[in-house]
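*Asks:* All chains should be built: construct the whole structure from the sequences, respecting the hints.
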Amino acid sequence: MCGVNGIYAYHYAANPVDRAELFRTRDHMAARGPDASGEYFSQEGRVGLGHRRLSIIDLSENGAQPMASRDGRFVVTFNGEIYNYRELRAALEHKGFVFHSQSDTEILLHLYADKGEAMVHELRGMFAFAIWDAARGVMFLARDPYGIKPLYYSDDGWTFRFGSQVKALLAGGAISRDPDSAGAVGFYLFGSVPEPFTTCRSIRALPAGATLLVDCTGAKAPQRYYSIAEVYRDALSTPRKNTDDLRIALLDSVRSHLVADVPVGAFLSSGIDSGALVGLMRDAGAPNIQTVTIGFEEFRGKLEDETSLAAEVARLYETRHTTRFVSRAEFEADLPRILDAMDQPTIDGVNTWFVSKAARELGLKVAISGLGGDELFGGYPSFRDLPRWAQAFSLPSRIPFLGLGTRKLLAPLTGFFGLSPKAAGMLEYGGSYAGAYLLRRGLYMPWELEAVLDRETIVQGLRRLAPLRLIDAELRSAPSNPFARVATLESTLYMRNQLLRDTDWASMAHSLEVRTPLADRTLLARLSRIKLNENEGKVALASAPSRPLPEAIIDRPKTGFTTPIDGWLRSSPSFRHVPIRAAETPQWARIWSRMVGAEASLNRHALENLATL
Amino acid sequence: MHMLALLTDGLGGEGGIGRYNRHLLSALAHSNSIAGITVLPRFAAQADVDGKIDHLAPSSGRLAWCLRALRLALTSRPDIIFCGHIYAAPLAAALAQARSAKLWLQVHGIEAWERPRRPIIDAVERADLVTSVSRYTRRRLLEWSNVDPASVRVLPNTLTGGYAPRPRRPDLVARWGLEGKKTILTVGRLASGERYKGHDRIIAALPAVAARVPSVVYLVVGSGDDMERLRQLSLDVNICDRVIFAGQVPQDELADHFALADVFAMPSAGEGFGIVFLEAAACGLPIIGGDRDGSVDALADGRIGRLVDPLSQEQIVAALIAALNGGQKPFPEAAQRFAFQNFASHVDALLQNFVR
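One line per chain: the protein sequences are B and U, in this order.
For the first sequence, the residue numbers in the working numbering are 1 to 613.
For the second sequence, the residue numbers in the working numbering are 1 to 356.
Worth flagging that the hints you see were computed from the coordinates, not collected in a lab.
Heads up, the beta-carbon is just placed ideally off N, CA and C, and yes, glycines get one too.
Pairs of lysine to any residue, SDA-like flavour, derived with a Cα cap of 25 Å: (1) B:220 / U:352; (2) B:220 / U:100; (3) U:182 / U:312; (4) B:422 / B:384; (5) B:220 / U:151; (6) B:115 / B:525; (7) U:182 / U:232; (8) U:102 / B:156; (9) U:329 / B:16; (10) U:329 / U:318; (11) U:102 / B:216; (12) B:220 / U:32; (13) B:220 / U:139; (14) B:220 / U:337; (15) B:220 / U:344; (16) U:102 / B:221; (17) B:220 / U:1; (18) B:422 / B:348; (19) B:220 / U:126; (20) B:422 / B:400.
Just a sample of chain U residues kept apart from chain B, beta carbon distances all over 12 Å, derived: (21) 59; (22) 160; (23) 233; (24) 236; (25) 256; (26) 311.
*Replies:* Quick look at the structure:
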């Protein structure tokens, strides 16, 4: 778990690598890797790799990066964890490869030497890495199947640059800051910038589950090697397994995610996902687990309060438990640092910021999170709504101009009737999974964007982003099974672009590695073959630990992880700079988005216009 | 593979695009992957070309050229259609689609900077490979098109023609009255449509430069319909005795004219690349160029010459004074990165990677 970056001056006309630039980008990520830093420069000066280290496996100097093979042909810089590295090591040793460290990094060097680019199919874990192959003059980059670890790149036509963060790449000083209209539109539509776009036109995300090759002609198009839709499709064509296998698969994932040479703690809420994981950690033999829960004074004694039920779970599994209360004063004091650490604009991540801060205060370097449980077990309302809407509006949405006309007619009236602005778009968008998903997850609808962006940005951004096509692309290989379709969309859009990305920046800002056993390719391959009826999944998860979760946890109405930020924001000094029309009463996510958007300079013109109202 | 090349300027042309086409198609003809190239130009004369290249006579009429292109696409069964100018992209894209051929589009400078008409945008987005002479032109093209950035590659102009430092020719020194003078040189067309090149900004800077370098003169090589305006400007700022309009000089005398100068300056804001910077640099001159366009590539981010904001009079004056006083070292060898050998092997690599 670290920060990585690199420069490859691949074009014959390009200047050699600017060492100072490499260091500026690398050291912008000091929080990602406070334990050590390293660099590599090729002899002829065309390649530079940087690394900031957070030591978790093989804490010795042997695990230092960038790491080169003994013959110097391969050099790797790697962010993440390979959970099956011991199995891979045994197999490689059997083939005659000799290891010089106990680190999972060295696996990557030998595996690449053995299998080339096909190596990615062998890896279980979260990763973003680059391998320089000096003999072929090729740089190979890869990102894990779920997109847990970030990887961004820029190719200006002469020089290729990559890094773990957009802001770090910009700190290098050589990349254009020209804004990307698709990034701005994507942020306001989804609440996060959908990959591969970023807020900068010159920087793109390497998509989750994709590899990238850079040779003397530059960066090729990314190649997808993993598709969640295909996992569901393949699972439906194989014999179903029974629910007994569920516990085995879950325990296996949790056990794999405990591999570390430092203690592994856990985030604990009052939900099933994190509670069950702590129970399974105990079953896997994790000693003396440190758990941490965030609480808010404002919620004491209310339904939203997580602390007492979380404490009950902690008692059940005999963990060392800490409840950390966050006050409004702390939120306001941290807000500038939150906005600074936020790599790409997003409407989430504040909760992860505080729970990570609390974990780090307790001395933890690694924490387990229940992220991914709702996507895996159908925990969102979208699992119910999307199939219903897609069916109900399928026919009317095909009648030309009916949806558009209805929306134009209803859009001005929704506020008057106290309806969500999205209601106006049900006929126009609701008839397909992609449209229904946009309605369900959208922050602003396309026709509302003029409240936050200028017209030119909207027109160009919508054309570049093509939001419905972007959503539909994830379903390309998906089966017709409604659960599989929604799970695919939630995992590849909301979880990837929002939850995982936010978890990365918010935890790394505190030098904390967060592991997600419920977002794991091996687990998905197994669970997708188990037939579960509606709501059965979460109950099965709650029962998976040898000591099942108490009924109070299972029966608790789902609230999500809520915070009192809405109230704090509305009376915060920063909020006074967010222009809101007098007639507007936007939900807090929209207020937050405008504050974040202003910080990222996405919506300068629109805000100036609003400020004059 | 057989290639059909649809060009505006044929291989005999001496303009920037004509020379680029000649270098590119020569490099392609050297590639083992290319069996033959049929060239259909709109303008310019036949050139002495590689045996693999069938250089057809030009058709300057647009319709006639289009019809010939259509007939060639139908009869010659090309594997690759190369389109040498963005304005012909819709035709080239349609022919490529009809013949299931790969489409390779070349873009140069300002013609690809602003958002073009819809049919051109669509055609660009259908190209298998777009080559741009500079990173700047590539960036501008990516601003208005949704083409995959991975398929837009940079293929800079290449340096050929034996440019190297040489002694001053006394007859030329005498012809232009440069004895005992410190000479600023610009070589480029003086076209009213290309005022971005910055001749006027150098003329405007001359009084301030002359105050510090009394023997300074400005030698302007090139001709065009903007010459009178520039002449008038030099009168206006009262330095007409320091500006020498040499007009167009023969190609074989160009290197000798570079040798006359103490600094080559062209603070342009509209270069696709600016091959003339490389020619001047190879002749051993300190170079001053603009930092807002493709000149940044020709000057290799400042390694081959000094980059100034072309719109800043202050920076132009300071750079000229420094260069004339010997404060800026020339780097003739740095321009060799753009040698034809590098260009040709890159063309071959692009061919292998994108259109094979």
